[in-house]
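Modelling step: build the complete structure from the supplied sequences, incorporating the hints.
So for the sequence shown, our numbering puts the first residue at 21; every next one is plus one.
In short, the hints are calculated from the structure, not lab data.
The structure displayed is predicted, hence computed values, not measured ones.
The reader is advised that the hints may include incorrect statements.
[What the hints assert, rightly or not] Ranges of calculated distance between the beta carbons of each label pair, as one might list FRET restraints:
hint	residue 1	residue 2	range
1	GLN116	ASP253	45 to 55 Å
2	ASP137	LYS46	52 to 62 Å
3	GLN127	ASP253	33 to 43 Å
4	LYS128	PRO88	51 to 61 Å
5	ASP124	THR158	20 to 30 Å
6	ASP137	TYR51	44 to 54 Å
7	LEU238	LYS147	33 to 43 Å
8	LEU170	GLY72	33 to 43 Å
9	TYR181	ASP124	20 to 30 Å
10	SER138	ASN252	18 to 28 Å
11	ASP132	PHE186	50 to 60 Å
12	ALA50	GLN127	50 to 60 Å
13	LYS128	ALA105	15 to 25 Å
[What the hints assert, rightly or not] List of simulated lysine-lysine pairs, BS3-like, C-alpha gap at most 25 Å:
hint	residue 1	residue 2
14	LYS254	LYS87
15	LYS147	LYS212
16	LYS241	LYS87
17	LYS70	LYS87
18	LYS125	LYS185
19	LYS119	LYS212
20	LYS78	LYS46
21	LYS227	LYS167
22	LYS212	LYS125
23	LYS167	LYS180
24	LYS227	LYS241
25	LYS208	LYS180
26	LYS147	LYS125
27	LYS125	LYS208
28	LYS54	LYS254
Glycine included, each C-beta is placed from N, C-alpha and C at the ideal position.
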Amino acid sequence: MKRLTLLIILACLSGLFAQSQNVDLKKLDAYFEKAASDWGIPGMSIGIVKDGEIVFSKGYGVLEVGKPEKPDGNTLYSIASNSKAFTSAIIAILVQEGKLNWDDKVQKYIPDFELYDSFVSRETTIKDLLCHRVGLGTFSGDFIWYKSDLNSAEIIKRLKYLEPKFNFRDGFGYSNVMYITVGEAIKKVTGKTWGENLQGRILDPVKMNRTIFSLSKLNEKGNFATPHAFENDKNIPIEFVNWEEVGALGGIISSVNDMGKWMIFN
21 MKRLTLLIIL
31 ACLSGLFAQS
41 QNVDLKKLDA
51 YFEKAASDWG
61 IPGMSIGIVK
71 DGEIVFSKGY
81 GVLEVGKPEK
91 PDGNTLYSIA
101 SNSKAFTSAI
111 IAILVQEGKL
121 NWDDKVQKYI
131 PDFELYDSFV
141 SRETTIKDLL
151 CHRVGLGTFS
161 GDFIWYKSDL
171 NSAEIIKRLK
181 YLEPKFNFRD
191 GFGYSNVMYI
201 TVGEAIKKVT
211 GKTWGENLQG
221 RILDPVKMNR
231 TIFSLSKLNE
241 KGNFATPHAF
251 ENDKNIPIEF
261 VNWEEVGALG
271 GIISSVNDMG
281 KWMIFN
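Put into structure tokens, the structure is as follows:
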């Protein structure tokens, strides 16, 4: 079974710093170095935020197995489902602007949104999507979108065929497809894509200049870490998967320095 081993570790060690004002960063540095080796991670970057400042930022290992280039605090990594926090933040901004409400029904913005039951379809709110409580099981529907050529609207049309695992609002089932739906709702409300909203409402104001959501920008930005899989007891470089169409669930590519800005912003 394949195991992704290229990780970005975004560490906020505020509790540790609260206990002592004289934390030995050299010891932490050595610990991180050992952790990367112990876990067999090709490359990683670590950022520590304390009192509104990035107090530590460093890379370990290499950008790609078999090549000498090393990561640093500006190296780009796919942050995967950490992107969901940005999607929720966009919704919060839209609520603050009066463009929608947490309890708005999804069908208000996506009339053909349907799930396994007509009542659930009619009553599901934006908040329900964000809270993973529509009744679907964890990862239900992932085979619809993963490595698919379907656009968001086409993916959403297929959600009605997914079987529930819980009663509506009676259980937590981690759902990527519901965040695809949130991304589509953002588009309907604003007339702009999820990515355009991300850029204009978060990345630009927070000055996250090394954060992207399109693979087409990778070479332009440079200094990015290659994904790896663990096969036959070794790390093997693999291709990036293009998640731009479903970016709301996990399409952001960022650096620890930029993610430090995000943590400070929050």
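Structure versus earlier hints, numbers of those that do not hold, lowest first: 3, 10, 11, 17 and 21
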